[in-house]
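*Asks:* Chains as they are written, first to last, in my numbering: chain H, 87 to 375; chain R, -11 to 307; chain L, 33 to 452.
There are no misleading hints in this set.
Interface residues of chain H toward chain L, partial, derived using beta-carbon atoms under 8 Å:
1. F93
2. A201
3. T207
4. P215
5. T302
6. G338
7. A341
8. P345
9. A346
10. S348
If you're looking for bench data, these hints aren't it; they were derived computationally from the structure.
Positions of the beta carbon are idealized from the N, C-alpha and C atoms, including for glycine.
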Amino acid sequence: MTQLLLFNVTNGLIIGAFYALMALGLSLILNLSNVINFAHGGFLVIGGYLAYTITPYVGFWGALLIAPVLTAVIGLAVEGVLIRPLYGRDPLYSLLMTFGLAFIIEDGTRFIWGAQGKPVTIPPFLARPLSHELFFITGYRIFMVVTVTIAVALIFALLRYTRLGIRIRAATLDLEMVAAMGVNVRILRSLNFAAGIYLAGLAGALAAGQLGLEPTMGTGLLMPSFIAIIIGGVGSLTGTLIGGLLIGVASGVTAVFAPAASEAVMYVLMAFILLARPRGLLGEEGMMT
Amino acid sequence: MTGTLSTRKLAVLLAIWALLALAPYWMPPLGGYTALGTRVLVLALAAMSVNFLLGFTGVLSFGHAAYFGLGAYGAGFALKFLAPSTPLAIVCGMMLGGLVGAALGWVIAHRRGVYFAMVTIAIGQVFYYIAFQWSSLTGGDDGLRGFSRQPIDFGLFKLDIVSNSETFYYFVLVCFALVLAIMAFILRSPFGRTLIAIRENERRARFLGIPVDRHIWIAFSLSCFFMGFAGALYALVNNFADPRGLHYSQSGDFVMMAVMGGMRNFWGPLLGAAVFVVLQDYLSSVTVNWMSGVGALFVVIVLFFPRGLLGFVRSKSQA
Amino acid sequence: MATPYSSRRFDRRSVLKGAAGLGALGVASPFVIAARADTPIRIGMIDPLTGVYAAVAQNEVIGAKLAVDQINAAGGVLGRPLELLVEDSANDVGTGVQKARKLIDRDQVSFLIGDVNSGVAQAIAQVSNEKKILHIVSGGHTDSITGPDCKWNVYRVCNTTTMEANSVCSLLFKQYGKKWHFITPDYAFGHTLQKAAAVDLAKLGGTVTGNELTPLGTTDFSAYLIKAQAASPDVIVVLPQGSDMVNCLKQIVQFGLNQQIHVAGLQQELESLEAMPPEARIGIWMFEWYWKQPGIPGVDKFVADIRKVNNGKVPTARNWFGYASVHTLAGVANQQKTIDSVALAKALGNFELPPEIKLQPNKCYYRPGDHQLMTSAFVGEAQSGGAGDPEDLFRVDHVIAGDETAPPEDATGCKIQWPA
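From just these sequences and the hints, can you work out the full model?
*Replies:* Encoded structure:
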């Protein structure tokens, strides 16, 4: 029993890392721009398909490096044309906009690449498990966790040590003041959005190796990201990270005792947080409006 | 605004009701069919219930389809396990949607803005998840089956709403009118006026001594009762209840109908629902890529017609 | 927000013009339909062309369209051309029911085909039954459609879950062993499939070491596979379909589980195998129809015809379902010289599919007692590309006739009630 538990906790951390990656991108965009990006799952799908398309030319590693960047570029374009006009308005409109965008992306990917799922191969040396016993820890999953860790570390470093990062954090707290101090808020928001989309594209490129690549694969990952943000606390990136990992581990542990409830547990956690500590684990008061 | 309606408003009102009452006659020649009209009515009712909260109180609840879906399941359970009675089914559906909404509204009524929207989405998804997973009760992904709407016995005559599409359409129209009357009455009352005041400037309303959180909770609960009613009707239209009625994409559709028609106008959501349903029905017959069309519609409305069609018409007439 | 008012107005105006044009199109086209209403016989086909089942649904439509073209080239039905009207149910019951009413009320179809989603299929069957329209369920597998929920106007082409279980279980037992661990998708199809297999296993003397119920759309099966492995079974029986199947098998192979434990399942589809990387194409399965059947009449022509309309790809069972459904309707109508639903429904009992339609070695006919097509099960093993043929992803070992895999008519729970 303890071995089963240990296995599932470790497995949960691996899954949680992936949730955290998705949620982080969503959180970045939410914090600065007040936009709930319903199309985040769609960008994940785009990242996966782009990786699949360019792999024959640049190989697996090249695709992993380039596809998220390409996705971020698409994100930049989308932000400039579709989302920027909505910043001053009621958040309702950006919600509806990203909602419609999600539809278009799903249909577009189906149109371009077809409804039939695409076979994605990963380098054979990664596809092997660590050992006979620890079969669920494959090289690829370790690689995923490592990639997520590096990406998260980079983002945190960016936010903490670079000028751009400091400005983004300041703007999250007080946009008006930052604008008044002469920072080009427009570019700030664009880059922030692109960073969030980069993370989604990276998640997609990673996911394609483990899941089936088809147009609807992003929709199931949106809700766990939402929940990770609510649990971790709106406005706190570290909180989102912890939220994602927590959901993953809780899911894994529940799978040992009641597998059917392993998905329900994240909703239960969310309900608990909403009732007991509504601002989230690491959220700050006043971030809720 | 005083109690008496101007002649122009009266004329518009009469025109709308005439159009609705005669729908089974003017729709088929235009390529429509009565079942389409019934569907428009039910979804319009749902959109108007959302707008009660969105357009008139200014509260962004994006997970409202949950109460719609609960209404559908409530009606289904009633018909399946309680009694083969259509009125009972409608009442049960309304109660399930309304009471759950009221309970939840109590917890979240004091939050605002984007975070509130996120929480409502997540809560809505909880119910979707329950409907999906609790398959022994709800039928899971396959939906709740094995019930159908029953003819209504008024003692003097029987209303066959089972096989006659036209009779069913009129039955739904009468229900629609009933709920609308209640909604309009509430909005015209002092309570309704304070809701609009809250929408306009919440802080000032609070300074005036209005218990804002409590009013928002009441408005939330009322709109959930209306949603439950609409959901029950939807179950009767399909003889089916399924989890997709609870999904956040359904919520998004309702909000879009309200916005597309015009949030600030009482009749806006009806127009929005009509356009949305007909467009989706038409597009999905013509092309497999209808989702892009609907998505593009969202984008266009948000960018160019944020006040909705009725808002646009009004600004044109005032310009 | 400093866009000048005048330029925004211009944007709106051009958008409005475009919208008006689109609207005019919408109003005009029904008249086009009405003008052609007299001569053709219409078949309405409802399938989830968008959403998770899009790939298999679109293949059904391709098969159906091929059949319609063939029939029209041969003179149509009763001298009248056949017309196929395809509608998207988008995996949503409300939409499916609405489209069914639209096809019947507005478009005056004489026959209905659909849906891949069993839940939607049953909702549509209620409408078709109410309106007395002959309805063939091409791709929905749940047993009750030709079981307790059977209707006089509904026939089904694809296998029932019981038929599928019965076809493979004894082979799995003999070759792989007696301790089975199930991975079951948590909806009606999965439940009935697993129950049927468990019953067969018990009869053979085996044991079920566990049954993991996985929600539809599960992407990560690791938790379930950890439990499965801990139970030390002889076989892991993978029942999820579509992208769930792809994910599960991919992960099983990545974990190396297939080297510790046998992997197999019941229903498998070419669409799923094509979506997997080659190393994941393993296991013993049954197909409902397979394209590589040397020596069987009609198959090569069908393969060639489908390749022409499907980007050179080989046909799948789903293509065949659509194809067989349309040919059934045309065939029985031409045979009985009528399109009356009740007469045709009665005539379909024991109706046998001719060789160029059935495309399989065994006798293929509709059973009168439950309206189920007795179609063969193709049992064999998945392979990443047999004998150097990259399209041949399945090695067929046995083709078992439908009436050997199907339970007897009185055991299905179906009692057909004909209209007075």
